Amino acid sequence: MQDYLTGNAAGTFSGLKGMHMSDINALIDEQVKNNDVFLYMKGTPDFPMCGFSGRVVQILGYLGVDYQSANVLENQELREGIKAYANWPTIPQLYVKGEFVGGADIVTEMFQAGELQTHLAEKGIAVKQTA
Amino acid sequence: MAMAAHEIEKRILAALPDAKIEIRDLAGDGDHYAATVISEAFRGKTRVQQHQMVNAAFGSDMGTVLHSLALQTKAPD
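Line order of the protein sequences matches chains A and B.
Just so you know, the first sequence maps onto residues 6 to 136 in my numbering.
Just so you know, the second sequence maps onto residues 10 to 86 in my numbering.
Looking at chain B on its own, in the form it has when it is part of the complex (with noise of 0.2 Å):
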């Protein structure tokens, strides 16, 4: 299974509507993406909390239907 980039951007974006997000495909597979998401709504969370938010975006389909998304998040400067 895997999940196009741009459905990945519009989750993230449904779970924070003011994200700027910039998606890689690792392997040109469609199955291990790595993504910068900032957003002011991490702002004063730890790195685990705002990975969490993002995660929460993708429910059970995160490692399952996404086999893999590598994480950098933050709030703006």
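Chain A with its partners taken away, still in its complex shape (with noise of 0.2 Å):
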């Protein structure tokens, strides 16, 4: 089940088409469970394709975390399936640990007051800048 991950930092995973609500459910598990950081975002971290998601990759960029992210745009079915999901109506999403923190304004809000960092300290995700 590992064979679609990339391992490589910022990699990137594009969505299949046509499947049903359940295998998205299970696909979304998978990724999020499998990957200690992982953005559900709109476009890639080089070439984001929406404001909010361009401003999560600038923060974990600047922290220095290595995450996976799935681009939702190429997938309508995990467009809709990550909302269900989270319970949450938008796009991004950043889970660390398989549990969803939050999207860009509580990420944001989280990295202004040091709470991102030491929430990704506590689940042991290298930090590389703190300040």
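These are computed hints drawn from the structure, not numbers from a lab.
Computed from a predicted structure; not experimentally measured.
It is possible that part of the hints are untrue.
What the hints assert, rightly or not - Between beta-carbon pairs, the in silico distance windows are: (1) B:D27 with A:D71: 38 to 44 Å; (2) B:R33 with A:G56: 14 to 20 Å; (3) A:P94 with B:A36: 14 to 20 Å; (4) B:K19 with A:G119: 33 to 39 Å.
We put the CB at the ideal spot given by N, CA and C, even for glycine.
Now that you have both chains on their own, put them together as the hints suggest.
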């Protein structure tokens, strides 16, 4: 089940087409539980297609966190499925150790308060910069 | 579609009667709001859970009738 993971920092997963809701849920479950840090976003870390997604990419980049991401614009089922999975209406969505941490506003607020750095450290995620 | 600020406040108060609410109409178009909500009900909850409690007050109107609501939530100091 690991073959879709590229393994490199900020690698990107492009979803499959035509999946059922239950398949999507299982896929999301796999992604968030098999990756320490996973970001559902519009676009890719190199080319974010939305300002909110870009903001989270910038924060993770600034902190030097290794993460995987999925581009929901390439998969309509994933785009809707992730909203249902988290009971959260918007994208981006950041997951740490399988747990939904927040969208762009929460992540920004936590970063500015230093809480995101603390949260990552508590979960055993390497953070290269804490200032 | 749009929702008036006082309607937003009413919905949040229905779900969280003790809430202190501050609403700003970000674009002046009745479509893009920001709200600060302070409630004792948030204590011990994660930010995600806090936002979900507010979002739940709007049901399916969230994202449709109410186009966009940027939230800041916390328990009283």
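Cβ separation of P94 of chain A and A36 of chain B, checked against the hinted range 14 to 20 Å
The hinted range 14 to 20 Å holds for P94 of chain A and A36 of chain B, with Cβ atoms some 19 Å apart.
CB-CB spacing for G119 of chain A and K19 of chain B relative to the 33 to 39 Å hint:
Holds, at about 35 Å.
Does the hinted range 14 to 20 Å hold for R33 of chain B and G56 of chain A at CB?
At roughly 19 Å between Cβ atoms, G56 of chain A and R33 of chain B fall inside 14 to 20 Å, so the hint holds.
Falls inside 38 to 44 Å, the C-beta gap from D27 of chain B to D71 of chain A?
holds (42 Å)
The earlier numbered hints are all upheld by this structure, with none contradicted.
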